[in-house]
Every structure is written in structure tokens, then in C-alpha cells.
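Going down the list, the protein sequences come from chains A and B. Per the working numbering, the first sequence runs over residues 1 to 453. Per the working numbering, the second sequence runs over residues 1 to 453.
Source of the hints: derived by calculation from the structure; they are not laboratory data. Be aware that a few hints might be false.
The list treats identical chains as interchangeable, and a pair is accepted whether it falls inside one copy or across any two copies.
Distance condition first, Cα-Cα at most 20 Å in a straight line; then the derived DMTMM-like pairs of lysine to aspartate or glutamate [as the list claims (entries may be wrong)]:
#1 Lys70 with Asp192
#2 Lys347 with Glu117
#3 Lys5 with Asp248
#4 Lys70 with Asp308
#5 Lys347 with Asp248
#6 Lys70 with Glu187
#7 Lys347 with Glu119
#8 Lys70 with Glu294
#9 Lys5 with Asp22
#10 Lys5 with Asp346
Protein chains: 2
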Amino acid sequence: MAEPKRVVVVGAGFGGLRCARDLARVPVRVTLVDRQNHHLFQPLLYQVATAGLNPADIAFPVRSFVRRQKNLDVVLGEVAGFDLGGRRVLLADGAAFPYDELVVAAGATHAYFGHPEWERFAPGLKTIEDALEARRRILIAFEEADRAEDPARRLALLTFVVVGGGPTGVELAGAVAEIARHTLASEFRRIDPRRARVLLVEGLPRVLPAMPEDLSRAAEAQLRALGVEVRTGARVTAIDGESVTLGDERIAARTVLWGAGVAASPLARALGAPLDASGRIRVHPDLTLPGHPEIQVVGDLARLARADGTLVPGVAPAAIQEGRHAARNIARALRGEPKAAFAYFDKGLLATVGRGHAVGAVGPLHLTGTLAWLAWLFVHLLFLVGFRNRLAVFLQWVWSYATFGRGARLIVDTARRWQYARAGERGLEELDRPAARPPGEAPAALPADHHPE
Amino acid sequence: MAEPKRVVVVGAGFGGLRCARDLARVPVRVTLVDRQNHHLFQPLLYQVATAGLNPADIAFPVRSFVRRQKNLDVVLGEVAGFDLGGRRVLLADGAAFPYDELVVAAGATHAYFGHPEWERFAPGLKTIEDALEARRRILIAFEEADRAEDPARRLALLTFVVVGGGPTGVELAGAVAEIARHTLASEFRRIDPRRARVLLVEGLPRVLPAMPEDLSRAAEAQLRALGVEVRTGARVTAIDGESVTLGDERIAARTVLWGAGVAASPLARALGAPLDASGRIRVHPDLTLPGHPEIQVVGDLARLARADGTLVPGVAPAAIQEGRHAARNIARALRGEPKAAFAYFDKGLLATVGRGHAVGAVGPLHLTGTLAWLAWLFVHLLFLVGFRNRLAVFLQWVWSYATFGRGARLIVDTARRWQYARAGERGLEELDRPAARPPGEAPAALPADHHPE
């Protein structure tokens, strides 16, 4: 018997994981490479950022998920590039994985519209680390406002700007407003969290521009009812850590969250194929890379037009369908058949605005309010990987709904605690000395001779 | 009516939180200062480190816990020192809080026996951040071992050394062994996690030296049954990130966890009082600081002898009792009565070794095995703050027991993701440039001209 063909799948998101799983009964050896050890259910990431869920509720160890799939090997590693001629995936640590068939599902990252310097002031929301950082900033802002003596500083600390009126931005803005109005309402002595300003900024004329117009209007009304100031047709021209500038209007705001532009993973460039303005790869209708029928691209990294000229959207169902299709294509190739064109089945769009409110478009059906919200809950629970996660999320939602509380109001600052030690490991010796100070203690509080060295 | 007296409580651990809560009906104004926004249930921290529990399961927002206590104000801040003459607590950010009565419950940190340089190689376990770092190191070691080509390197990656044979060390070693033998057993293709070595190192002749001898022997037997190599009477002489040296024996080990020496918070020194070798304050029997009847010290920071000459142990029940006593003493002082001496009521000691195994000494009663384990489960659930946490922990334990799984196997590396941005905020401009690179992407994978700046 001949050696089985080798398939490498890059990325364990919705598309890559689905593809790898669907290859279980195909006679190939599969290597699934991801730089995280977990599959992340990104649609609920904003709830981690807003302290409603634990990271582990929406992240599942990839290894555990596929433990019974004997033809699959999981590799935790960072893909640095490709040797397209030699058909090898190159890892940052120097390792190389040869392939006969390659599926690239590396996903998307944020785009700051040519202003990468904004990132530090306005974290995006793509990873668990991003979500914990956003959570830290939101919760710390209220704490610092409570301590602030200067009214202007207090105002800036109690002003939250969410940039981007897509589903992520709408969900974030709604959740921050709920934290201020309900969760924290009675917990401070010197500030009234209910008076916090939450702004949602969108460059286009309406929020949720991918939705039908009536649903955009409904979502905007729901946001306003929650106390969110919705600024449509407004462009961010500057962000500096103290303020956000919209056109000529400078708004003092210490906390800015980024839910705007999406850019394909920089790995797209490494494939040497034609990219669109967002860095996505213009793939053939059968998902293959131009000139490379052995390479398929799925998920947010692929730019694919539908029959009606619109693009396949960058949403989880599309990535899952493409991943499934890529696996089928590999089976076809093994049988000597050509790869087939992908057809997207549009299941509709759902976006939640806050407690009891959502909007959804499912074919000709437009849903708003409680019904849409229940549909949203159901769909998200259904798609959560792993029974345990589903149960954990469900129980926390019940608890939060009943109490207005948020179960994960934890400020975790791994960065502050361990950055010195880690930088030291990597040889940044100028940061070496602080590694010796005792855990969690600020240098200011310590005499210089603290350690008996 | 006169202005109410001001009480400042430093630290929202077991002692400080209990004291602040008990002052609810005393006519004082209380300020509770902590540098974290959460009260941490430290006895279960090792379960966060070993991926069994979520951080938020054992941490509860202080503000939320005391929201209904009208005479209490919570301050998130870092205490830098004290103005004992002016009766003010000084914060690192320059703020000062005046007091009439002060309770210092700043707790303990790790001690590295005069080797602070070991910390980066052997994280301790006092904060959520520590636990997440330990978890990251444990899980990453298996991943790297799976990738390692060199057998010696693989062996070092699969060798885990826990330093310190007290309850934390015993619990950690048992849990790491269970991860290797059960949770990860079938999840790797190139390594067999069951062959991982787990060593527990203790300088004294037996583990759990605070327990009766028969229980130490029982715990050691249970550890060996789990596959842990117990090295008693062994002293660590070097740790360098590649190995641990015990006396003259060098053991190649990449993952070292520190459960040994405890040192009182460096704040003890700021009180200008006589300290013992561990940095604890030698307080009067009524918990007051020598020379300062208006200052009480409770919890791990206080060194207090019992009538029989033994010390009050550094455990949660002792801290809680002292916190309660300090609140009563303040009420006495308001009535013009002198402060009373503290009497410790010993409820016994419990330590768990692993799934279904624990040891406990309650008065003359010595428990081992399943019975001790059930007692341990019951006591820890009972003392967990907040009903929601209790339920969440209980459900996860049931799930873990039934499946041998661990629900929180998440490698979260906030440090890597955000250290650059944070360092930049603080003005370390030499770290400024990397902040501009896109999220989560390794520099190696990027062309230098990546951003259209």
C-alpha cells in the first residue's frame, strides 16, 4: 500500500477545524497547525471582553477535540511562510511540514486604516488575550474614575468609544452600556457609573451595514434605548490615548475599543497570490489558489464572489461551509477527480444588541427584539463546541439574566506581572533587572536594597 | 453628632475582607484598599494553575461583594507605605488615606531563600496571574516535547519539578501527575504524556511537615501511587531554566513550580516594627503593632505565638479569625475599652493529594483517603465566597471527576500579546516599535515594510 497523502491545514478556526475533522474518513495524514492551543468561538468573544463569560467557556483545546481522530496530528506552532515549490509549510521555529494538499485557514486580524499606532490605544477583539485586555481597560476605567479628583479626567475615564458599527461593535457598545447601567450601578461611592457615556462610531450612514435597512434602524433604536450614543457617518481621524477625534470634534475618552476594519492574515502575502484591498486572497471558485490547484484557501482569508456578484461574507457559517467543501475537494482529488466549485448557502445574519434585544435576517424574514434575541441565544449555544462549554455558557447566561450580574469581573494583568521575566528569557537584557522584584509589588513601594543578592 | 472614626483596611484577602465586613454595624467609615479588584480564594489557586478551574471561579469582585455595606468604600490601589505619625496610608499614585484605626492584612508572597533570580524559572502561586503563568508553562511543556527531535530535550520538557512539600506543593504535584496520566494521556502522537516525570522536592524529612507524621506518610504513599517521585530531605541548590540541582544531583527539567518559602509582604518593613526571619511582624497578643495601639496586623503578615509556644499558622481560618477579632477590637476601642488578646481556635488541617485522596487532622482525628477528600471538598465549597462561584466549582468538579477532563486547558499569553503596548504606555520607548505590528503575528513572518506608515 502506498504512503497516504499528506494534508496540512493551517489554522484551527471554524474553517480549518471543520476541514480537518471532515478528513477523518479520508485516507490521508492530516497535520493541523495553529499558534494557539485552542479553537476559539469568536462570536462570543465580546462577552469575555465585557466580563460575562470566562475565556475557557468559549475556547476548547484543539487536541482534546480531535483526540480520537487517528489520522490527525495537532501542532502548536507559528506558520512563518510557505515553500510553494517544495510544497512545505515553514514554521517560525525552523520546522517544515511537507504536504500534498494544503488548506490555509489563517483568518483575519484588525485593520487600523493605515494607522497602526492606534492599536495600543484601541485594542481589537480577535483573541482571548485581546478580550482580557479590553475587559481590564473597561473595569479599570471605572476604578480610576472613582479615584479621580479632576472632573475633566473623570469625564474622560467615564467615556467609552467603540469604533465600528458592525456586529462586534454593536454587541460591545450594548454590553458596555449594560455594565455601566446595571452591573456596576450601585457599587461606587464617588461616581455614578450610570452616567458613563458610551459612543458607537460608524463611518457608513447606518449601523450593521450588512443587514437590511429596517434592521439597522431597529438596532440603532435598541442601542439608544440602552443609552448608547450612535454616531453614524462619522470618521475617526485621530486616537491618542486621551481622546478620539471624529472629523473635527475631539472627544475626551480614555477607553477606546476597536470593532472596525478587518484585514486578512499577513500570511496571505506569503502565498504570493493576488490580494484585494483587505489583503484577502482572490481564490478560484473551487477555493484553490491561482496557479496552485493543491492549495485551497478558506474562511476570512479567502475572497470569493457569489453568483449575484456579492462576496461570501466573513462569518463563521461561511468558513465552516468552505472548510467542509475543501475536505470534499481533497477526497475528490484522491479519486482523480477535479476540484468542484464552492456554493455558499446563506443562513442569514444575527446580531445581538443587549439583554433581550437582537436583530436578525433569515432569508425574507426580519426579526427584532426578544424573538431575535432568543434565536441568537439558541444558534450560539448550538454552535458552541463541546457540551461542557455549552452548559457553562447557558448557566452563566441564566445567572446573568436573573441577577444583572457578570460572573467574570476579573482584572487579570498577566502582562504586568510576567512581562519582565519573559522579556528576560528572550534576551532583552535591558529589562532584566526588574525580573528580580517580588511578585506583584510595584517598584515604588520597595527599597532599592530589598533583595539580599 | 461627631464625625465617625475612619478605619483603613489594607488588603482584601481572608483577614482584611472579614474585618471590613464585620465593621458593617460599627459606627465607623471604612476604606478597604487592595491592589486587585478581586478577593482570591487562594486555597484553590493550584486548580487554576492545573487547568481545572477558571480564574473567575475562585475570584470575586470585592466591590460587588460589599455593595450593600454603606459605611464601606473600596479603593483599587497599591499601598506604598505609611505615615505613622500623621496616621495616613500612602498609595503609590500619591494619594493618602487618613485613619484613626488601621488594619494591615497585606498577606504573604514567595521567598526564594535568597535566590530571587530563581523566580523567573520557577513561578510561585499567590495570584491569578501566577496561576495562569504556571498553567501556560505546564501545557506548553507537553506541546514542545511533542515537537522536540532531541531525546534529551524531550526528557527535560517532560520533567516537572515542584519545590516545597507543604499543602501547595503536594496539591500541585498531584495535579500535574493527574494531567499527565489521565487528561493528556491519549492526546499526543509522538510522546506518551504518561511517561512524564513529576518530582516533589522537600527540604525537611517529610512532606506536609505541619501535619502529624502518620498523615505525612499517607500523603507520600498517595503521591507515589500517582507516580510522583517524592524527594524529602533534599535541598535545591540551583535552578537555571534548563535544570534543577538537588545537592549535587543535576536534573534536567524545563518546568519548575515553586511552592516553598513564604515571606510576608514587603509592606511589613514599612511599618517599622520588629520582624521575624520570614519578614512577619511580631505583634502584641491583641494583634496591635508595638508602640501603635491604633494599628492591628492580621493574617500571614502577623507573627503570633499561641499559649503552647507554637505559632498561629498562616492559613485562611487563622486570617479570618484574626480579621474578625480586629473588627471587635475596633468596636471596643470606640467604647473606650482596651483591645483584647486574640485566641486562635484550631479547626485542623486538610490537604488534598489528588482525585479521591486527601489527608486531614481535625483535633485528635486523623483522616486519609476518600473520607478526607470528601471533607476537603465540603470545606472548600463551604468557604468559597459567593453562591455562583460555589455552584460553578461544584459543577466543574463533578464534570472533571466523571470525565477525567479539565475544563480550562487554555494557554493564555497576555504577556506576549500586550507587553509591547503596555511598556510603550509607560514610556519605555525602546520597546515602542514592535507595538505597531499586527496582533499575534510573529515578527519573523512579516516583511519589514508591512505597515503602510
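Check each numbered hint against the structure and report the violated ones by number, ascending.
Numbers 2, 3, 4, 5, 7, 8 and 10, in rising order.
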